[in-house]
Amino acid sequence: DAGVTQSPTHLIKTRGQQVTLRCSPISGHKSVSWYQQVLGQGPQFIFQYYEKEERGRGNFPDRFSARQFPNYSSELNVNALLLGDSALYLCASSSWRVGTNEKLFFGSGTQLSVL
Amino acid sequence: TQLLEQSPQFLSIQEGENLTVYCNSSSVFSSLQWYRQEPGEGPVLLVTVVTGGEVKKLKRLTFQFGDARKDSSLHITAAQPGDTGLYLCAGSQGNLIFGKGTKLSVKP
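Sequence order for the protein chains is A and B. For the first sequence, our numbering gives the first residue as 1, with consecutive numbering after it. For the second sequence, our numbering gives the first residue as 1, with consecutive numbering after it.
Hints listed in this document are in silico derivations from the structure and should not be mistaken for laboratory results. Be aware that a few hints might be false.
Straight-line distance between alpha carbons at most 25 Å, and here's what the computed BS3-like set of lysine-lysine pairs gives [stated by the list, open to error]:
{"hint": "1", "chain 1": "B", "residue 1": "K107", "chain 2": "B", "residue 2": "K57"}
{"hint": "2", "chain 1": "A", "residue 1": "K103", "chain 2": "B", "residue 2": "K56"}
{"hint": "3", "chain 1": "A", "residue 1": "K13", "chain 2": "B", "residue 2": "K59"}
{"hint": "4", "chain 1": "B", "residue 1": "K56", "chain 2": "B", "residue 2": "K103"}
{"hint": "5", "chain 1": "B", "residue 1": "K57", "chain 2": "A", "residue 2": "K103"}
{"hint": "6", "chain 1": "A", "residue 1": "K103", "chain 2": "B", "residue 2": "K59"}
{"hint": "7", "chain 1": "B", "residue 1": "K100", "chain 2": "B", "residue 2": "K56"}
{"hint": "8", "chain 1": "B", "residue 1": "K70", "chain 2": "B", "residue 2": "K103"}
{"hint": "9", "chain 1": "B", "residue 1": "K103", "chain 2": "A", "residue 2": "K103"}
{"hint": "10", "chain 1": "B", "residue 1": "K57", "chain 2": "B", "residue 2": "K100"}
{"hint": "11", "chain 1": "B", "residue 1": "K107", "chain 2": "A", "residue 2": "K103"}
{"hint": "12", "chain 1": "B", "residue 1": "K59", "chain 2": "B", "residue 2": "K107"}
Take these sequences, add in the hints, and give me the full structure.
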């Protein structure tokens, strides 16, 4: 079975541009979460979507947005890119349900460089 | 605010040595997870601990959850070069909160 797939694997943008990152979860998983991992830090929570609805949002500006599609794939959009947005963006899927402990399965990430 | 503090930040040891890494918080978590991440890859779940005082073993890795469910430790016996990586703890508070990680290097 395929794991979590993310595209693209690497991306170079300039300040002020917009970027869209894509994620396909493990088959059967209905929850997708997005994390930002800056070099030398642990992953920081951005969004969680479950059954196409936003279930959680981290402390990120409104320039960050996401959505989940009927097939449970997801996109993360970042507008007006800043140098500080350079990071590894990780997508994780899970079979999370309310009241259960979440086990996350991560993709390999998209390495975004903002110049 | 860093809810989960991991120590040490870096650890470089020789093959065969034992080591312990720590994950501490002032917050109580419903569960705590440990992940290992290799360069260019996403984190991979190693274990989830749920009950205060719980101990779980995974081959040469021993995980312990503190009685008050605020801290955890990971002990590796007879480390091998294949154990090299970034070890992350993550606490559950609705969504997962990650620590900054311990970067482990095991030299042959």
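In ascending order, which of the hints set out earlier in this document are inconsistent with the structure?
3, 11
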